[in-house]
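K.L.:
Listed below are the residues making up each chain.
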Amino acid sequence: MSSSTSRSERRRGFPFAALVALAAGVGLLASCQESEFTEAETATIASLSLDALGPLPPDPSNRYADERLAAAFGATLFFEQRLSRDGNVSCGTCHKIDRQFQDDLPRSVGIAETNRRSMPLADVARAPFLFWDGRRDSLWAQALGPLEDKREHGGTRAGYAHFIGDHYRDRYERIFGALPDLSSVPAAASPLGDDGERTAWAALPAAKQEEVDRVFANLGKAIAAFERSIVHEETRFDRFARVLAAGEEPAGDAVLTEQERYGLRLFVGKAQCVNCHNGPRFTDDHFHNTGVPAVAGLPEDLGRETGAMQVLADPFNCLGRFSDAPAEACGELTFMKAEGPELRRAFKTPSLRGAATRPPYMHSGQIATIEDVVAHYTRAPASDGGTSELVPLKINDRERAALVAFLKTIAE
Amino acid sequence: MTSRNRLLIGAAVVAVLVAIVLAVQSMMTPPSDLDLARSKATAGGLYVAAIEPDGGTVVQNELHAWTLTVTTPAGEAVTGATIGVDGGMPQHGHGLPTAPAATELGGGRYRIDGVRFNMSGWWELKFSISAAQGKDDVVFNLSL
Numbered sequence: 286m287s288s289s290t291s292r293s294e295r296r297r298g299f300p301f302a303a304l305v306a307l308a309a310g311v312g313l314l315a316s317c318q319e320s321e322f323t324e325a326e327t328a329t330i331a332s333l334s335l336d337a338l339g340p341l342p343p344d345p346s347n348r349y350a351d352e353r354l355a356a357a358f359g360a361t362l363f364f365e366q367r368l369s370r371d372g373n374v375s376c377g378t379c380h381k382i383d384r385q386f387q388d389d390l391p392r393s394v395g396i397a398e399t400n401r402r403s404m405p406l407a408d409v410a411r412a413p414f415l416f417w418d419g420r421r422d423s424l425w426a427q428a429l430g431p432l433e434d435k436r437e438h439g440g441t442r443a444g445y446a447h448f449i450g451d452h453y454r455d456r457y458e459r460i461f462g463a464l465p466d467l468s469s470v471p472a473a474a475s476p477l478g479d480d481g482e483r484t485a486w487a488a489l490p491a492a493k494q495e496e497v498d499r500v501f502a503n504l505g506k507a508i509a510a511f512e513r514s515i516v517h518e519e520t521r522f523d524r525f526a527r528v529l530a531a532g533e534e535p536a537g538d539a540v541l542t543e544q545e546r547y548g549l550r551l552f553v554g555k556a557q558c559v560n561c562h563n564g565p566r567f568t569d570d571h572f573h574n575t576g577v578p579a580v581a582g583l584p585e586d587l588g589r590e591t592g593a594m595q596v597l598a599d600p601f602n603c604l605g606r607f608s609d610a611p612a613e614a615c616g617e618l619t620f621m622k623a624e625g626p627e628l629r630r631a632f633k634t635p636s637l638r639g640a641a642t643r644p645p646y647m648h649s650g651q652i653a654t655i656e657d658v659v660a661h662y663t664r665a666p667a668s669d670g671g672t673s674e675l676v677p678l679k680i681n682d683r684e685r686a687a688l689v690a691f692l693k694t695i696a697e
Numbered sequence: 068m069t070s071r072n073r074l075l076i077g078a079a080v081v082a083v084l085v086a087i088v089l090a091v092q093s094m095m096t097p098p099s100d101l102d103l104a105r106s107k108a109t110a111g112g113l114y115v116a117a118i119e120p121d122g123g124t125v126v127q128n129e130l131h132a133w134t135l136t137v138t139t140p141a142g143e144a145v146t147g148a149t150i151g152v153d154g155g156m157p158q159h160g161h162g163l164p165t166a167p168a169a170t171e172l173g174g175g176r177y178r179i180d181g182v183r184f185n186m187s188g189w190w191e192l193k194f195s196i197s198a199a200q201g202k203d204d205v206v207f208n209l210s211l
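Chains as they are written, first to last, in our numbering: chain A, 286 to 697; chain B, 68 to 211.
Everything labelled a hint here was simulated from the structure, so no lab data went into it. Watch out, some of these pointers could steer you wrong.
Subject to a maximum C-alpha distance of 30 Å in a straight line, what follows is the list of computed BS3-like cross-link-like pairs (lysine-lysine) [to be verified]:
1. B:K202 <-> A:K622
2. A:K435 <-> A:K381
3. B:K202 <-> A:K493
4. B:K107 <-> B:K202
5. A:K555 <-> B:K107
6. B:K107 <-> B:K193
Cβ pair distances, simulated, as ranges [as the list claims (entries may be wrong)]:
7. B:R178 <-> A:L390: 44 to 54 Å
8. B:G160 <-> A:R454: 52 to 62 Å
9. A:P476 <-> B:L103: 13 to 23 Å
10. A:G670 <-> B:D100: 19 to 29 Å
11. A:A337 <-> B:G151: 17 to 27 Å
12. A:P476 <-> B:D100: 52 to 62 Å
13. A:A623 <-> B:S195: 44 to 54 Å
Here are a few chain B residues that sit away from chain A, every Cβ distance over 10 Å (derived from the structure) [claimed, not checked]:
14. I118
15. T165
16. G173
17. R176
18. D204
Backbone N, C-alpha and C fix where the C-beta goes; we use that ideal spot for every residue, glycine too.
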């Protein structure tokens, strides 16, 4: 301020000077934030890298999990459309091999439309609980669900046992031993089928039911062995993180632009994404209510609240008679949080690897674009049931764009 | 520089500082003066409790076990206690993601199975201890 300025000019000038000082201060803060990562940030970034992923843990509940023959048979079954009521649906219908093993739809369609979005399958073998609500606790138990769901494959376990006997007897028996005698087993029977199928199932002696259940479980175990081979691929972010951890300067295909690095810093810091999307798979393997709205017209969906009850009741769970695991190896199920208000409308934290290139988003495809996902986190709307864990984010348009830019670096 | 001028610049500096504090707070860093002791007296002074993670270090995103050791203030092992396990993240307002349970190992030692921490930050592990001496509680802080 020069001493010659009038009093009124000065009065206007003072707040201006204060604003400049404030802007300079904030600018300084922002620019030093953008240029390099702190030690803590670097450590978090390293923990998100694929390099931090340990070897795939064994699945004690499936003694065929790491058998090559079982995996090869499982791959065949995964793409086998005859494993369905109408002969047109395979696992691959909704888990497309060239689309990250999902289907790009808000809600998957098999024989009919389902209530949920398909889930990508990379590194799914590491998930302690399967489905958006975690209602199954192993890949093999999971696979049995869609096979009998009316809107998906729509078949019955008795029907599948006959199909294997007719078309894949050799391959099955080489892995699992002799198929049981199915001559007394009706062509369609299941405890989960329609009235006729349930009646047919109930008429079978318990020992025969168990034999059919075991064939059914074995199909799941072969499919699971195959799914264990589906893994995440290295992304530009992983190369960046590796170079950063080594204390070197990223070059070539390991470079993140300034905007992408800013987005990464927000992801692990102010935007708090890393609270839930953590570790190399960008998931904490847990369930959260994030206020994703219910879809009008669909039945009420309580998420984990229902899923936790279902996995405990599942005869094919880790503690069930078809599991190969000793009870001590079933810790995830034994120590699962089975009730509590936080389970209502809580859904599994999905991996964010590849997410930017596979809209739509959320458990029933509620959000159409990745930009809208970030907008959802900024608003943090109240939940349609239970309580959302989110707090509204104070981030501006530039920061939102940076988050989106970062998410793209884990999808290429 | 007039005093008004100084006041305004002072206000600007304060605003910047507040912005920094808010930014740091929003990253939910644990309070710096958190008591991270792994051994302490229970709230009512009935027992002394000590915790130790299996393998010595606390892991994130993995189901793991802890050992809880309970003694009297005089250092005698407390056996036959009923142990309740609870906890959570005070800054996020949520509890533990799992339902851990205790089994007695003998000699005042209890194995706490089924613990999982699914986020980094400030966690609390709370134990309620019921034995011949009475019921008492203890809260341990962990910084992940």
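K.L.:
Decide, hint by hint, whether the structure agrees.
P.N.:
Cross-check of the supplied hints:
1. At most 30 Å may separate the alpha-carbon atoms for a hinted pair to count; K202 (chain B) and K622 (chain A) meet this at roughly 25 Å.
2. Between the alpha carbons of K435 (chain A) and K381 (chain A) the distance comes to roughly 20 Å, so the proposed pair stays at or under 30 Å and holds.
3. For the proposed pair K202 (chain B) and K493 (chain A), the alpha carbon gap of about 53 Å is over 30 Å, so the pair is violated.
4. A threshold of 30 Å between alpha carbons decides the hint, and for K107 (chain B) with K202 (chain B) the separation of about 16 Å falls inside it, so the pair holds.
5. Restraint check for K555 (chain A) and K107 (chain B): not satisfied, since their Cα atoms lie roughly 34 Å apart, outside the 30 Å limit.
6. Restraint check for K107 (chain B) and K193 (chain B): satisfied, since their Cα atoms lie roughly 12 Å apart, inside the 30 Å limit.
7. Between R178 (chain B) and L390 (chain A) the CB atoms are about 47 Å apart, so this pair conforms to the stated range of 44 to 54 Å.
8. For the pair G160 (chain B) and R454 (chain A), the supplied restraint of 52 to 62 Å holds, since their beta-carbon distance comes to about 56 Å.
9. For the pair P476 (chain A) and L103 (chain B), the supplied restraint of 13 to 23 Å is violated, since their beta-carbon distance comes to about 52 Å.
10. At about 39 Å, the CB distance of G670 (chain A) to D100 (chain B) disagrees with the hint of 19 to 29 Å.
11. The supplied range of 17 to 27 Å is broken by A337 (chain A) and G151 (chain B), whose beta-carbon atoms lie about 34 Å from each other.
12. One distance hint, 52 to 62 Å for the beta-carbon pair P476 (chain A) and D100 (chain B), holds here, with the actual separation near 58 Å.
13. Evaluation of the 44 to 54 Å hint for A623 (chain A) and S195 (chain B) yields a failure: the beta carbon distance comes to about 20 Å.
14. Separation of I118 (chain B) from chain A is adequate, the least Cβ-Cβ distance of about 17 Å exceeding the 10 Å criterion.
15. With a closest Cβ-Cβ approach of about 5 Å to chain A, T165 (chain B) is found to fall inside the 10 Å limit, against its non-interface label.
16. Every CB of chain A is more than 10 Å from the CB of G173 (chain B) (nearest about 19 Å), matching its label as outside the interface.
17. Every CB of chain A is more than 10 Å from the CB of R176 (chain B) (nearest about 19 Å), matching its label as outside the interface.
18. A cut-off of 10 Å between C-beta atoms confirms that D204 (chain B) is not in contact with chain A; the least separation is 20 Å.
Of the numbered hints listed earlier, those contradicted by the structure are 3, 5, 9, 10, 11, 13 and 15.
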